[in-house]
Amino acid sequence: MKEEVNAQASEAMAEELHTAMIEVEHLTKKFGDLLVLDDISEKIEQGEKVAIIGPSGSGKSTFLRCLNVLEDPTSGAVYFEGANLCDLRVDINLHRRRMGMVFQQFNLFNNMNVLKNITLAPVHVGVQDLRRIKRRNLRTKICNLFRKKDKKAALEPVETTVRQIKEEAKENAMRLLKRIGLADKAEVYPSTLSGGQRQRIAIVRALAMNPKVMLFDEPTSALDPEMVGEVLELIKELADEGMTMVIVTHEMGFAREVATRVLFMDGGKIVEQGPPAQVFGAPKNDRLKDFLSKVL
Amino acid sequence: MRVMWEAFYDQFIVQGGYKNVLLGLRNTLIIAIAGLVIGIIIGTIVASVQVAGKRNKVARVFAAVGDVYTGIFRGTPIIVQLLIFHYIIFSGINIDGLLEAIIVFGLNSGAYVAEIMRGGILSVDIGQMEAGRTLGLSYPTTMIKIVYPQAIKNVIPTLGNELIALTKDTSVAGYVATMDLTRAFRLIASANYEYIIPYLMLALVYLVIILIFTFIIRFVERRLRKSERRS
Ligand SMILES: Nc1ncnc2c1ncn2[C@@H]1O[C@H](COP(=O)(O)OP(=O)(O)OP(=O)(O)O)[C@@H](O)[C@H]1O
Ligand SMILES: [Mg+2]
Numbered sequence: 007m008k009e010e011v012n013a014q015a016s017e018a019m020a021e022e023l024h025t026a027m028i029e030v031e032h033l034t035k036k037f038g039d040l041l042v043l044d045d046i047s048e049k050i051e052q053g054e055k056v057a058i059i060g061p062s063g064s065g066k067s068t069f070l071r072c073l074n075v076l077e078d079p080t081s082g083a084v085y086f087e088g089a090n091l092c093d094l095r096v097d098i099n100l101h102r103r104r105m106g107m108v109f110q111q112f113n114l115f116n117n118m119n120v121l122k123n124i125t126l127a128p129v130h131v132g133v134q135d136l137r138r139i140k141r142r143n144l145r146t147k148i149c150n151l152f153r154k155k156d157k158k159a160a161l162e163p164v165e166t167t168v169r170q171i172k173e174e175a176k177e178n179a180m181r182l183l184k185r186i187g188l189a190d191k192a193e194v195y196p197s198t199l200s201g202g203q204r205q206r207i208a209i210v211r212a213l214a215m216n217p218k219v220m221l222f223d224e225p226t227s228a229l230d231p232e233m234v235g236e237v238l239e240l241i242k243e244l245a246d247e248g249m250t251m252v253i254v255t256h257e258m259g260f261a262r263e264v265a266t267r268v269l270f271m272d273g274g275k276i277v278e279q280g281p282p283a284q285v286f287g288a289p290k291n292d293r294l295k296d297f298l299s300k301v302l
Numbered sequence: 122m123r124v125m126w127e128a129f130y131d132q133f134i135v136q137g138g139y140k141n142v143l144l145g146l147r148n149t150l151i152i153a154i155a156g157l158v159i160g161i162i163i164g165t166i167v168a169s170v171q172v173a174g175k176r177n178k179v180a181r182v183f184a185a186v187g188d189v190y191t192g193i194f195r196g197t198p199i200i201v202q203l204l205i206f207h208y209i210i211f212s213g214i215n216i217d218g219l220l221e222a223i224i225v226f227g228l229n230s231g232a233y234v235a236e237i238m239r240g241g242i243l244s245v246d247i248g249q250m251e252a253g254r255t256l257g258l259s260y261p262t263t264m265i266k267i268v269y270p271q272a273i274k275n276v277i278p279t280l281g282n283e284l285i286a287l288t289k290d291t292s293v294a295g296y297v298a299t300m301d302l303t304r305a306f307r308l309i310a311s312a313n314y315e316y317i318i319p320y321l322m323l324a325l326v327y328l329v330i331i332l333i334f335t336f337i338i339r340f341v342e343r344r345l346r347k348s349e350r351r352s
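Protein sequence lines, in the order shown, are assigned to chains A and B.
With the numbering used here applied, the first sequence corresponds to residues 7 to 302, in that order.
With the numbering used here applied, the second sequence corresponds to residues 122 to 352, in that order.
In isolation and in its complexed conformation, chain B is listed as follows (with noise of 0.2 Å):
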């Protein structure tokens, strides 16, 4: 045991290896968040074409491009595509690896983001966009007025869950792109091949970083939740 933490120690402090336990802890976080907003920003364009497809000629053009995007993220493992990024199409561009990393898990992250968003915007009742329509008011404004904020406070939980998933994806960035919070105990690990506490200590940081998470999620929910009980 004693012996154990002494490598641990010696690698964690002596060798400097919470430089990358802090840069990787930064990156995930970074990935993470910067993934699903993009994810977001993604998935909610692509959901409304997909929407729109439904009644709009020139919106069903898109749709298809957007069914064909969201199947290949969705029908493909987040590995591959960080290596096809990586290897194929980055491979010419000298590219920051963690903006690399961002840009793959942001297109992972809409291709599900756009499911979500899908399923928000058609549990809001036909009849909130009806109302909007009679009273003149565009597709656009009645979706962006009236739409969107009930569909949204609707997939927040799953939103949550999206995040919670992304940030535990985000484990496998450090074999192709960037410094990483697995890779950084990896190293820390891999040197003098001790792997008990370094791993163990990997899974809690990650455990943390998830409780905080959703603690947070669970705030923003009953925040909403709240604003629509107010007399």
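So that you can see chain A by itself, here it is in the shape it has in the complex (with noise of 0.2 Å):
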């Protein structure tokens, strides 16, 4: 009864301590000797849209990386659900499955076609969960014969086959390619494809996680200009939708139209935030009336 208290206890603090859905704490990243994050520390809420402005090579991607840990900090640590990424007991994979990312090279494989982009992690997590659990089943059967008939352990539920886990994937897929009118591109390669299709692939690849967040490191910038429209479109229905996410990019009119909060980073620090009618309309530090007045 007490350890039960205690228990409880300990958790409530932890989720006091850690309560936001991304948090940094003392983030520090070098690469060699050059300082590239210095002491940041930082919290994201659920449902925030985080726009992160800045010089180039600021520090902005490595931020952005450090928060799925993509990057590994130098010291601090980020936390994610209350969970400390840089624990090495953690498993990242799991967390990671719940952070979408997407780059500004869109990084779609290359070696499959677009359904099979969109479907292949889900099903690999799937059907090794799955597995997890015949395993475990097995091991109980196993255990269960040299136990008495009282005293046999339960059986895990299997709710669900491989074969349905793949039908699944490929409905939500399908089901996403139609959101974004890229159904008759599901057999395609992603070669074939035009910036912004394959961007918006990305998009919903990620998405097909189910994600809690998505982090994107300037989604339109490889981008030609006739296709920034179309992902940024996406990118707001998201917004729209409520999903909670962090977006690095210079399209200063997109992060005042969708953002609830700016960053503006500049040498490994956060140097001024706020909402983006303070940031764009009212600006404090030098650093970035300089960087506004160059890119506006």
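Hint data in this document are derived by calculation from the structure and do not stem from the laboratory.
Treat each hint with caution, since some may be false.
DSBU-like cross-link-like pairs, simulated, lysine-lysine; straight-line CA separation at most 35 Å [what the hints assert, rightly or not]: (1) K295/A to K275/A; (2) K49/A to K175/B; (3) K122/A to K347/B.
In this text, all values refer to a predicted model and were calculated from it rather than measured experimentally.
Please dock the two separately framed chains into a single complex, following the hints provided.
Now the structure itself:
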């Protein structure tokens, strides 16, 4: 009884400490001697749409990539839903499934068609979980052979089959493709698609994992101008649906329109932040003023 | 001219030299193909460890072992490797000559394929790995499902060259381990000191084998390229 109370207390404490969706504490990143992120602490709450702006080389991408530990922080911690992702005992793959990421260069899998690109991870994860349950059940069954009748352990329910997992993933992928108007491209390889199409597919590929948060790293910077609109449109839709997102962007108009908060980074620090109206309308920091005068 | 042909006919047919030639042809093909298969398996493992060694301390130890292995097998002539295996390493064991040749050529080829595969893996854009990891796939899963297929496609032409080089290298197998094409024709030629026909014939046989390999490699390459353009 006492232990239970203790456990609850410590759990509550852990939650109290890191209640935000993502919390960054004293995050520092060095590449060799180069200090790229300088002791950043920041919280991102559920439902926020955070835009990160700043000059080239200021550490925006590195910061974003530290959020899902694609880049190992040199020191500090990143908490996602209360779990410290920098802790090596934490299964990072489990948490990454809840954090979608979209790259400047799309990074669709070149060796797979569009449908397979989207279904690969959901199917793999589903099948892996199924196998794990089956393995555990097999072990239970074997142990049960040596147990008395009234002491036999119960088996975990197996509610699905590999076939069903594949079908569901495919259905879901087709639904997502329809949503972006690319259902007819399901069987096509990425090399035959335009940049805008590739990026939208990359976005729905991330969505297929049902992420809690989406991280975008300059999703439109590699696109021809006429394709920027379609991608931003899709991201805006997601924002309107309430998806939490962090987006590194050079599209100031978009940041102003969609973001609930804007972070301005310079020299590895978040130098100024606030609602878009304030950051764009009444910047205080000189470097931010200078930056805005160049990009606006 | 006539004399030459008669001498060749006598050795090839009457004395049964063709039996050696057929056996040699079989062995040459087996050594080259099995050697390459073993080479691909070893090479892929070594290359994977070397690539992983950049980010993982345990892999780094194995990578160092891999470096020593490739260093030794690329740094010494294949005939010397055959001699060492035949007279030193396998000297106490009663091992079939063909198997011995397959092992040595496999190990030798593995050292070259390791380099080829490493290049192939590194030629796959790092973004492919990052995309896989971001979706929550593990490093090995991403390697197997995404990186290797692209790496292999990239190195098929080079692996083809390796097969061709390996096929020609097998011509020294007969000096140590087993019957092969070269040895079969050498026996015919030296039986009555008529060299011209057997050796030109020998060259022709290698040439045909390699032309056939080249054709097959081109075909596979084309098929692979087509599969990605399909719409
Ligand atoms: N893998 C790496 N190895 C070494 N240095 C790196 C690496 N990645 C980034 N850097 C350096 O870190 C600094 C910050 O890079 P980062 O990509 O985070 O900047 P950024 O703000 O995203 O810039 P941009 O707007 O050009 O994308 C740069 O000076 C860059 O050269
Ligand atoms: Mg960047």
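Comparing the hints with the structure gives:
1. K295/A to K275/A: The given pair, whose Cα atoms are some 16 Å apart, holds under the 35 Å limit.
2. K49/A to K175/B: Cα-Cα ~33 Å, so holds.
3. K122/A to K347/B: Roughly 18 Å between the alpha carbons, so the hint for K122/A and K347/B holds.
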